[in-house]
Amino acid sequence: MKKITKCIIPAAGYGTRFLPATKAMPKEMLPIVDKPIIQYVVEEAVSSGIEDIILVTGGNKRAIEDHFDRSQELESWLKEAGKEEQLEEIIKIAHLANFIYVRQKGPYGNATPVLSAKHLVEDEPFAVLWGDEFIYSQPPRLKQLIDCFEKYGKTVISGVRIDDEEELSKYGISKIEPLEENVYRILDIVEKPTAAEAPSNLATHGAYIFTPTIFPCLENLKPGKGGELWLPEAVKELLKTEPVYAVEIKNGKYYDTGDKLGYLKAIIDISLKHPDFGEAVKSYLKKTLARL
1 MKKITKCIIP AAGYGTRFLP ATKAMPKEML PIVDKPIIQY VVEEAVSSGI EDIILVTGGN
61 KRAIEDHFDR SQELESWLKE AGKEEQLEEI IKIAHLANFI YVRQKGPYGN ATPVLSAKHL
121 VEDEPFAVLW GDEFIYSQPP RLKQLIDCFE KYGKTVISGV RIDDEEELSK YGISKIEPLE
181 ENVYRILDIV EKPTAAEAPS NLATHGAYIF TPTIFPCLEN LKPGKGGELW LPEAVKELLK
241 TEPVYAVEIK NGKYYDTGDK LGYLKAIIDI SLKHPDFGEA VKSYLKKTLA RL
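No gaps in the numbering here: position 238 of the sequence shown is 238 in UniProt numbering, and each next residue is one more.
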């Protein structure tokens, strides 16, 4: 079985929910404390064993390329200013992985970026992570998926339990068959069901391991809602021909940073964990809440 070394990260969306902040800045570059969202995603991939990061971008995304590249002018200034710790930090970013950039081609939708990178993955299994959400977990979410793939050898999707019934209608919810602890076979996926329609409370989204068998399903997709091509529809087609698995992520906290409230929650939680000022943030929040 071939080792998974490549990860596709779609980053071509307009980020309209964050306008006007995203008018001139990619939503993936919005900061969470001192790092942009997409750096958290890349670090998850790298800590899971990924070597090649394939970023699928659109217009107005040059800032992403600049972030993961060397900046000789800034490095020279930091060196002259004696800011060695910051210099080391920004040099490390460029060496996290091999970065490959592809322009998205085709209809809008979250299936199109995967198709746009087909020529780069060829006959290898590969990962997909969204560029505007992540899970803080140990071991990393993607590593948990890779471990499952190495055992079963087929498509694996991350799963998160949705405890609030009113939230079920925001996600694709899987009909599942338990196989072992935290591992399920997916029998069907129901998109954005009501609580009565939901076959379980396991939402499957955010991180994927695919083999090249997904590509015929993607290539035969018809435009769906909004005239877009949707990756979950390709997965549903794949279910007709081979097993697909879900891993319920252990020890994880999910952050949908493509949503304003989710973004704010991520900032608060990560600020509280920050080694330099986490305690100060905690004290500030306690005082603020006491005044409400």
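Derived from the structure by calculation, the hints contain no laboratory data.
Treat the hints with caution; some may be incorrect.
Keeping only pairs whose Cα atoms sit at most 27 Å apart, straight-line, the calculated DSSO-like set for lysine-lysine is [what the hints assert, rightly or not]: (1) K282 / K260; (2) K265 / K282; (3) K151 / K192; (4) K154 / K253; (5) K222 / K236.
Cross-check of the supplied hints:
1. Only pairs whose Cα atoms come within 27 Å are accepted, and K282 paired with K260 is accepted, the gap being roughly 21 Å.
2. With a C-alpha separation of about 14 Å, the suggested pairing of K265 with K282 holds against the 27 Å cut-off.
3. The hinted pair formed by K151 and K192 fails the criterion: a straight-line CA distance of about 30 Å is larger than 27 Å.
4. Pair hint K154 plus K253 holds up; C-alpha atoms about 25 Å apart against a cutoff of 27 Å.
5. A distance of roughly 13 Å separates the Cα atoms of K222 and K236; the hinted pair therefore holds under the 27 Å criterion.
Consistency note: the structure conflicts with earlier hint 3 alone.
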